[in-house]
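Participant: Build the full structure now, drawing on both the sequences and the hints.
First to last, the protein sequences are chains A and B.
Residue 216 in our numbering sits at position 229 of the first sequence; the count goes up by one each step and never skips.
Residue 206 in our numbering sits at position 219 of the second sequence; the count goes up by one each step and never skips.
Think of the hints as simulated: they come from the structure by calculation, not from any bench.
Check each hint, because a few of them may be wrong.
Claimed, not checked - Which residues of chain A face chain B? A few of them, derived with a C-beta cut under 7 Å, are:
#1 Met39
#2 Met62
#3 Ala65
#4 Gly66
#5 Gln77
#6 Gly91
#7 Gln140
Heads up, the beta-carbon is just placed ideally off N, CA and C, and yes, glycines get one too.
Number of protein chains: 2
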Amino acid sequence: MKESLYIIKIGGNIIDDEAMLSSFLKDFASIAGHKILVHGGGKMATRVAEAMGVPQQILEGRRITDAETLKVVTMVYAGYINKNIVALLQAAGCNAIGLCGADGNVMKAHKRIHPVTDYGFAGDVDEVNIGLMKALMAQQLSLVFSPLTHNGQGLLLNTNADTIAQEIAKAMSELYKVSLVYCFEKPGVLLNAADDNSVIKNITVTSFIDLKEKNIITEGMIPKLQNAFTALEAGVKVVTIGHASNLQQLIQQQAGTSIVNE
Amino acid sequence: MKESLYIIKIGGNIIDDEAMLSSFLKDFASIAGHKILVHGGGKMATRVAEAMGVPQQILEGRRITDAETLKVVTMVYAGYINKNIVALLQAAGCNAIGLCGADGNVMKAHKRIHPVTDYGFAGDVDEVNIGLMKALMAQQLSLVFSPLTHNGQGLLLNTNADTIAQEIAKAMSELYKVSLVYCFEKPGVLLNAADDNSVIKNITVTSFIDLKEKNIITEGMIPKLQNAFTALEAGVKVVTIGHASNLQQLIQQQAGTSIVNE
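Facilitator: In structure tokens form, the structure reads like this:
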């Protein structure tokens, strides 16, 4: 039987809140067994870019990564955020190791080619090296990923953290029973956007179509859920979406919205 | 018989010169067998600090690491420099993984307590975890260290790269036949400071005392050589000092100055 592996993604809203991050990392440290944390950016990249006089352009929620911005995100994501998370996890008794896609050639990508928009140094993932991750986890290490990949030709690439989490989850399904957890600022997918108590417990492909037709699930959430179904198709056991403060419950599917097969 | 391990330290002068760094990394990549690279900082930390309005104080060649400077060096050393070196090594066919002392709890330190000077968040090394490094090298990985450690309580600490290289070399001598190579801006220890062709090929404790008495070895070089002898006492096989452009010759002791037992 495959061992369990929890892959948990946190975004900028948690990273920017010191108390929330500290509490989240303690919860993460207390998860028994194999676990991988994927972190996004946060306001610090924007602050550092501003201080260094690097203008930032955000298009449809994605940062346009010109050469100077690539320097900033490499510093902030792979340096400041990643190493501080690792140090905090060590303090919480969790033996963590911080990685980006270039480390051990874990994740290779190519520079995005887009017919209309030049996203700059943005990477789309081509391959995930599961062998090294397995070897590291055999050393009882928890892995902490910053959202950077490389192209194998010496270039680092800025890569969406949701995508990194999903690609790792899909690839690792070959070896583990994978649960993928996306932490965001809401307790889950809501039946009524104004009511945090209206979390939809489970979504299947059938109920997803139904919820879309009724306009209950709208724009921002649709790609997230479509990605979740892609992950399930690739062998991921369950995808859960919920608030970071409920991590313990989320991994047991006792909170948040679980996206599951029929 | 123990396998060979090369531990090579490069400083800011190489890191700041793109062409020299690229050529050096190709040489490093071509070394067969186990190898570890330890890199220092460079001018980028000073540039980023300036851009972010963080005043820098250098005392006797050491950066005073206040809280804001710690942020800057974590970004620049563990982020920008470390991950770019890893990506460049991958491009050169060397499967490298970037680490700081917090990763896998590889290197624990305590905040320096000094009776006169407050060095801020500067770390003095307490312990080196050789087990993880051995396991990573068994995966055919080359290790790339940024000069940061942690105190086990969530705090990262700025640590001298020469010291990091030496501590790793000493600890790894238990498992490997270790050669420690310090790359700097000179071809070796010079008999005549004005003549780059006057490299002293070998220095032993006896000849060191003699060279000091004759004032051939002066201030800057004395602590470097004393550290080299400490490393030899701890089991390191040979310490070589020379120019980064001669890496291939340095590791074979065909260039630079080798500090050896009598």
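Participant: Next step is simple, just say for each hint if it's right about the structure.
Facilitator: Verification of the hints:
Satisfaction of the interface hint for Met39 (chain A) is found here, the shortest Cβ-Cβ separation to chain B being roughly 4 Å, below the 7 Å cut-off. Against a cut-off of 7 Å between C-beta atoms, the interface hint on Met62 (chain A) holds, since the closest Cβ of chain B lies about 4 Å away. Nearest Cβ of chain B to the Cβ of Ala65 (chain A): about 4 Å, under the 7 Å cut. The hint holds. The closest approach between the C-beta of Gly66 (chain A) and any C-beta of chain B is roughly 2 Å, which is under the 7 Å cut-off, so the hint is satisfied.
Given hint, Gln77 (chain A) at the interface with chain B, holds; its Cβ is 6 Å from that chain's nearest Cβ, closer than 7 Å. A hinted interface residue such as Gly91 (chain A) counts as satisfied when its beta carbon comes closer than 7 Å to some beta carbon of chain B; here the least separation is about 5 Å, so the hint holds. Residue-level restraint check for Gln140 (chain A) holds (minimum Cβ-Cβ distance to chain B is 5 Å; threshold 7 Å).
Going down the numbered hints, you'll see the structure goes against none, and every one checks out.
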